[in-house]
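Visitor: In order, the protein sequences belong to chains A and B.
Numbering-wise (the working numbering), the first sequence opens with residue 1 and increments by one.
Numbering-wise (the working numbering), the second sequence opens with residue 1 and increments by one.
Keep in mind that the hints were calculated from the coordinates and are not lab data.
Be a bit skeptical, because a hint or two may be false.
Claimed, not checked - The list that follows gives simulated cross-link-like pairs (lysine to any residue, SDA-like), each with its CA atoms no further than 20 Å apart:
{"hint": "1", "chain 1": "B", "residue 1": "168", "chain 2": "A", "residue 2": "127"}
{"hint": "2", "chain 1": "B", "residue 1": "102", "chain 2": "A", "residue 2": "163"}
{"hint": "3", "chain 1": "B", "residue 1": "209", "chain 2": "B", "residue 2": "195"}
{"hint": "4", "chain 1": "A", "residue 1": "130", "chain 2": "B", "residue 2": "128"}
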Amino acid sequence: MRRPGTAAAMAAGMVFGALTLAGCGGPDSGASGSSGTSGASGSSGAELSVSSAYMPQPVSASMAAGFLTIANTGGAKDELTSVTSDIAGSVTVHETVGTSMQEVTSLDVPAHGRLVFESGGNHLMFEKLKHRPTQGQKVAVVLHFAESGPVTVEIPVKSATYNPKTGH
Amino acid sequence: MRKKTFAAAALLAAATLTLSACGSGDKAEGPVTVVSEETSQQAATVLDQPFEKPDLVLTDTRGKSYDLRKETAGRPTLIYFGYTNCPDICPLTMNNLAVAKKQLSKADQDELRIVFVTTDPERDTPAALGAWLKGIDPQVVGLTGDFATIQAGARSVGITVEAPHKDKNGKTVSTHGTQVIAFSPKTDAGYLVYSDQATVDDYTKDLPKIVKGQNP
Numbered sequence: 001m002r003r004p005g006t007a008a009a010m011a012a013g014m015v016f017g018a019l020t021l022a023g024c025g026g027p028d029s030g031a032s033g034s035s036g037t038s039g040a041s042g043s044s045g046a047e048l049s050v051s052s053a054y055m056p057q058p059v060s061a062s063m064a065a066g067f068l069t070i071a072n073t074g075g076a077k078d079e080l081t082s083v084t085s086d087i088a089g090s091v092t093v094h095e096t097v098g099t100s101m102q103e104v105t106s107l108d109v110p111a112h113g114r115l116v117f118e119s120g121g122n123h124l125m126f127e128k129l130k131h132r133p134t135q136g137q138k139v140a141v142v143l144h145f146a147e148s149g150p151v152t153v154e155i156p157v158k159s160a161t162y163n164p165k166t167g168h
Numbered sequence: 001m002r003k004k005t006f007a008a009a010a011l012l013a014a015a016t017l018t019l020s021a022c023g024s025g026d027k028a029e030g031p032v033t034v035v036s037e038e039t040s041q042q043a044a045t046v047l048d049q050p051f052e053k054p055d056l057v058l059t060d061t062r063g064k065s066y067d068l069r070k071e072t073a074g075r076p077t078l079i080y081f082g083y084t085n086c087p088d089i090c091p092l093t094m095n096n097l098a099v100a101k102k103q104l105s106k107a108d109q110d111e112l113r114i115v116f117v118t119t120d121p122e123r124d125t126p127a128a129l130g131a132w133l134k135g136i137d138p139q140v141v142g143l144t145g146d147f148a149t150i151q152a153g154a155r156s157v158g159i160t161v162e163a164p165h166k167d168k169n170g171k172t173v174s175t176h177g178t179q180v181i182a183f184s185p186k187t188d189a190g191y192l193v194y195s196d197q198a199t200v201d202d203y204t205k206d207l208p209k210i211v212k213g214q215n216p
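Pulled out of the complex, with its shape left as it was, chain A reads as follows:
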């Protein structure tokens, strides 16, 4: 008796997951198009692409957060090892553990999987910015990987209260 129920629940979960993946990228997430894929890796390696990038307009130039999704359609995993940006004195990668942020040295981009940075979860932390990014601007960052070549992403600056689920 238990099995069919569990299967149904799992199926539903999978559908839900798939749709979340389709998400609300839509025409609004400008970075997906401008980032391109990393062509540096071999045919059997990781195949990376970046989408759904945004930066909520920060309160000041001292700190900002960035969010994006790195998809890997390749058959090998890769690792995001660092992020650089001309606009910031430092960009660090953080994961949220409970209600505190922990800096990490790298994060996996699994084969046929995704590495997701989203509000409340993983995020890029920009510190010591040269100026305060404002809505409508773009912030260029370079993602560095263990295997693939660097990927440049133009992260659009959205409103301070931007919600990717609603797109505004």
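With chain A's structure known, arrange chain B on it following the hints.
Guide: Just chain B now, kept in the frame of chain A:
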């Protein structure tokens, strides 16, 4: 068994809705609309047993002593515990509140008290708090003081915050609350809890009720 199947169906329906909500095609038909009403649930959790307002006497952004209970007595009050060196949830939460507040009448805006209590008092001096809040909404009350006092105040409304500590690189790691608590002007009790999933729209919808001490 029945129940499980139903839950799965509901989840599926919700998933379908999520998809359609993002698209531009407006093909919502009868059944979908019904689900839509169910999924656009209240952001607020109404507490059966409201919290007493934390008994906090701290320092405001001008460096003056601020007695939370005395200063906010009889006023609709929203309290959040966070810190300014927080890139994600703290500014998002505060901006959500600030943007929603601007939809209120001027009189209601002046009546409402939004209080940001730092969980990182060492770095969040009155000046640092003031500068940060100015970038969000200068009307927000920013409070700092002794961490143990703040922690106890947070705990009294069900919010756990840890003392800031240094990670192995010497960087300070702080914690923030995830909830916003709304206090009624009628009872001064904390009767609503919002999670960090609450959006501008949620607060915009609920603030007019909160100002009157009503349930959203």
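Visitor: Hey, residue 130 (chain A) versus residue 128 (chain B), does the alpha-carbon distance stay inside 20 Å?
Guide: holds, 19 Å
Visitor: Take a quick look at whether residue 168 (chain B) and residue 127 (chain A) sit within 20 Å of each other, Cα to Cα.
Guide: holds, 18 Å
Visitor: Under the criterion that the straight-line Cα-Cα distance not exceed 20 Å, is the pair residue 209 (chain B), residue 195 (chain B) satisfied?
Guide: The given pair, whose Cα atoms are some 18 Å apart, holds under the 20 Å limit.
Visitor: Next pair to validate is residue 102 (chain B) with residue 163 (chain A); report whether the Cα-Cα distance is within 20 Å.
Guide: holds, 18 Å
The structure fails none of the hints (numbered hints given earlier).
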